[in-house]
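Q: Those sequence lines, one after another, are chains X and B. Everything in the first sequence is counted per the working numbering, starting at 73 for the first residue and increasing by one. Everything in the second sequence is counted per the working numbering, starting at 8 for the first residue and increasing by one.
The set of hints was computed from the structure by calculation and includes no laboratory data. In this text, a Cβ means the ideal position worked out from N, Cα and C, and glycines have one as well. Among the hints, a few may not be true.
[As the list claims (entries may be wrong)] Result set (DSBU-like, lysine-lysine): computed pairs, CA atoms no more than 35 Å apart in a straight line: (1) B/85 to B/12; (2) X/320 to B/60; (3) X/188 to X/320; (4) X/192 to X/257; (5) X/89 to X/188; (6) B/85 to X/89; (7) B/12 to X/320; (8) X/192 to B/60; (9) B/85 to X/320; (10) X/188 to B/85; (11) X/257 to B/85; (12) X/192 to B/12.
[To be verified] Simulated DEER-style distance windows between Cβ atoms: (13) X/261 to B/15: 42 to 50 Å; (14) X/465 to B/98: 53 to 61 Å; (15) B/49 to X/125: 21 to 29 Å; (16) X/365 to B/26: 48 to 56 Å; (17) X/113 to B/98: 49 to 57 Å.
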Amino acid sequence: MSRDIAVLGAGMHPWGKWGRNFVEYGLAAARAALADAGLAWNDVQYVAGADTIRNGYPGFIAGATFAQALGWSGARVSSCYAACASGAQAIDNARARILAGLCDVALVVGADAAPKGFFKPVGGDRPDDPDWLRFRLLGATNPIYFALYARRRMAVHGATLDDFAAVKVKNARHGLANPNARYRKEVTAEDVRESAVVADPLRLLDICATSDGGAALVLTSMEFARRHGISAPVRIPALSTVTPTFPKTVLDLPDFATDSAMTVPEPAEEVGRGRLVGETRPFRSAIAHAAYEEAGIGPEDLSLAEVYDLSTALELDWYEDIGLCEPGGAEELLRSGATALGGASGGYRGVVPPGRGCPVNPSGGLASFGEAIPAQAIAQVCELTWQLRGRAEGRQVTNAQAGIAVNQGLFGHGSAVIAVR
Amino acid sequence: MGTTKQRRPAIEGWYTAEDGAVRLLGTRCASCGTPYFPRNELACRNPGCTGPKDGSELAEYAFSGRGTVWSYADSRYKPPPPYVSPDPFVPYTVAAVELEAERMVVLGQVVPGVGVDGLAVGMAVELTEGVLYEDDETAYTVWMWRPIS
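Working from the sequences, and respecting the hints, build out all of it.
A: Encoded structure:
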C-alpha cells in the first residue's frame with residue numbers, strides 16, 4: 073500500500089525580527105500555501121497547527137487560532153507542541169488523517185514570534201521542571217549544550233574552528249538568494265573568527281538566532297491531487313517521529329545526565345555506509361533511519377538535505393546521523409565541497425556519488441533563518457518542495473529527486489521527513 | 008559585617024557533602040541495577056527490567072565522585088533567569104563528565120578559577136561543592152567538578 077501523500081502547496085512568511093503577532097505570520101504563510109496549491113480555504117477539511125509555547129496560552133491553541141484568522145469554516149482541527157519537532161508532528165497528524173481516508177485536503181501551519189537573546193524556560197518558580205532547573209543550577213543555556221557537542225567533536229573527530237566557520241560561510245552563501253531567509257549576506261571565515269565567543273568553542277556566528285516566521289503546507293491525498301490535475305506532485309512517502317531507545321547515552325537539552333549504560337548496552341556504533349551492527353541506534357541517527365526505512369530509500373539516494381543546524385558544529389554531526397558518511401567523516405565531506413551547492417568535487421569517502429554531492433541546507437539553514445520553533449520543521453519541508461519542483465530560484469539543487477529534513481529538540485523530540493518527486 | 012553566611016544547598020537531596028566527600032545522590036533500581044541522576048522515584052525506566060516498577064525497586068544511591076571529562080564549555084554572557092547571576096556577571100564553565108562505574112555523563116559547573124584552558128577531554132576530575140549564588144544571609148551551594156591535581 074502506498075503511504076504517499078501529495079504536497080500541493082507551500083508558503084512562508086519571511087523570517088526576521090518583525091515584532092508583530094505570530095498569528096499574522098501564520099496567516100500569511102497559510103494564504104501563500106493555499107495560493108500555491110490553487111485551492112481555497114473552504115476546500116480545507118482539516119487544519120493542523122504547530123503550537124508556540126510563547127505568545128499566550130500555548131499559542132492560543134494554534135490550529136484554532138489560524139482557523140479563526142482564516143475565517144471559521146467548520147474544518148476539523150488539531151494542535152500540537154513537540155518542541156523543534158512541532159511542525160513535523162503537525163504534518164504527521166495531517167498525513168495520518170489523509171492516509172486513513174478521513175480527509176483529502178489538510179492545511180498545516182506553524183508560526184512564532186521569538187524573544188530576543190537566549191531562549192529561556194517558561195516563567196515562574198518551577199523547581200520540578202528540568203528545563204527550569206538546568207538554568208538555575210548549571211546556567212546551562214542552549215549554547216552551552218551546543219558548545220559541549222562542538223568541543224566533543226573537536227576532541228574525537230578532529231574538527232577545527234575553521235570547519236565550523238566553513239559551515240557558516242556555506243550556509244550564508246546558500247541563503248543569499250532565498251527571499252524567506254532573515255540573513256542574506258555573505259559571511260567570511262574571518263567574520264566568524266572575529267565574532268564574539270558566546271560559549272567556547274562557539275562564537276556568535278556559529279550559533280543560530282531566534283526569529284519570527286511562519287510556514288504552511290497544503291497536503292492532500294494522491295487521488296485528490298490527480299483529480300485536481302496534478303499527476304506528479306511532490307510526495308511525502310515517510311515521516312519519522314521516533315523516541316529515543318533506552319539507554320539514551322547522548323546528552324540532550326535539558327538533561328542533567330544521560331541514561332546509564334551500566335545494565336543495558338548502549339546503541340551500537342555505526343559502521344560503514346551509515347549501516348549498523350546491533351539493534352539500536354543513537355537517537356539522531358534513529359530518527360533519520362526510521363524515515364529511510366519507511367520510504368524504502370537510503371542516504372545514497374538523497375539529492376539534498378535540510379538539517380537542524382542550531383550550531384555550525386551540529387550540522388557536521390547531522391552529516392553522520394543521516395548517513396552521508398561514517399562517524400568522523402563529516403569534516404572531510406564538508407571540506408570536499410560535497411555538501412555545498414554546486415560544489416561536489418569528489419575526493420571524499422561518503423555514500424553520495426562523487427560528481428553529484430548532496431547539498432545540505434540549500435535554503436541557508438538555521439544559519440540564515442534563525443529558529444522560529446513551531447514553523448521551522450514546516451519551513452524545511454517547504455524548501456524540499458520547492459527544490460523538488462525545480463523552483464528554488466538562485467539556490468536550486470540540480471535535478472533534485474529526493475530530500476530529507478531532520479530536526480531534534482527538547483525532551484526527546486525529533487523528526488525526519490522524506491520528500492520525493 | 009564579618010559574620011559567616013550560612014551555607015545551604017541550592018537544591019535539597021541532589022548531593023551529599025558528608026564526611027568531606029561530595030557525592031551526587033540519585034536512585035538505583037534494586038531489580039536491574041540501573042542508576043538514575045537526578046533521582047528517579049517513580050519507576051525504573053529500563054524497559055527490559057522485570058522489577059515491580061512501582062517505585063519500590065528504587066533506593067537511594069550515591070554516585071562515584073570521580074570521572075573523566077567528556078566535554079566542556081563556558082558561558083561568556085549572562086544567562087536569563089532563573090540563573091542567579093552576580094552583578095557584574097562572572098563567566099563560568101560547565102563540564103560534562105563521564106562516570107566510569109555508572110557509564111553515564113553528568114553535567115556540573117566547574118569550580119571558579121578553572122576555565123576552558125584548564126580542561127581537556129579525558130581529564131580526570133572529582134566532585135566538590137561550591138557556591139552557586141548568594142543573598143545577604145545565605146550562600147547557596149551546588150556540586151562542582153574540579154581537576155584532580
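Q: All hints, please: hold or fail.
A: Hint by hint, here is what the structure shows:
With a CA separation close to 25 Å, the supplied pair residue 85 of chain B and residue 12 of chain B stays within the 35 Å bound. Of the pairs offered as hints, the one joining residue 320 of chain X and residue 60 of chain B holds, with about 19 Å between alpha carbons and a cut-off of 35 Å not exceeded. Pair hint residue 188 of chain X plus residue 320 of chain X holds up; C-alpha atoms about 32 Å apart against a cutoff of 35 Å. In summary, the hint linking residue 192 of chain X to residue 257 of chain X is supported, as the alpha carbons are separated by about 28 Å, within the 35 Å threshold.
The straight-line distance between the Cα atoms of residue 89 of chain X and residue 188 of chain X is roughly 9 Å, inside the 35 Å bound, and the hint therefore holds. Taking the CA atoms of residue 85 of chain B and residue 89 of chain X, the gap is near 22 Å; set against the 35 Å cutoff, the hint holds. Taking the CA atoms of residue 12 of chain B and residue 320 of chain X, the gap is near 41 Å; set against the 35 Å cutoff, the hint is violated. Among the hinted pairs, residue 192 of chain X with residue 60 of chain B is consistent with the structure: their alpha-carbon atoms are about 34 Å apart, no more than 35 Å.
At roughly 30 Å between alpha-carbon atoms, residue 85 of chain B and residue 320 of chain X fall within 35 Å of each other, so this suggested pair holds. In summary, the hint linking residue 188 of chain X to residue 85 of chain B is supported, as the alpha carbons are separated by about 13 Å, within the 35 Å threshold. With a C-alpha separation of about 28 Å, the suggested pairing of residue 257 of chain X with residue 85 of chain B holds against the 35 Å cut-off. For the hint linking residue 192 of chain X to residue 12 of chain B, the alpha-carbon distance of about 30 Å falls within 35 Å, and the restraint holds.
Look at residue 261 of chain X against residue 15 of chain B: about 48 Å separates their beta carbons, and that is inside 42 to 50 Å. Taking the beta carbon of each, residue 465 of chain X and residue 98 of chain B are about 44 Å apart, not inside 53 to 61 Å as hinted. For residue 49 of chain B and residue 125 of chain X, the hinted distance range of 21 to 29 Å is satisfied, since their beta carbons lie about 24 Å from each other. Our hint of 48 to 56 Å for residue 365 of chain X and residue 26 of chain B holds, since their Cβ atoms are close to 52 Å apart.
Separation of residue 113 of chain X from residue 98 of chain B is about 52 Å and conforms to the stated range, judged on CB atoms against 49 to 57 Å.
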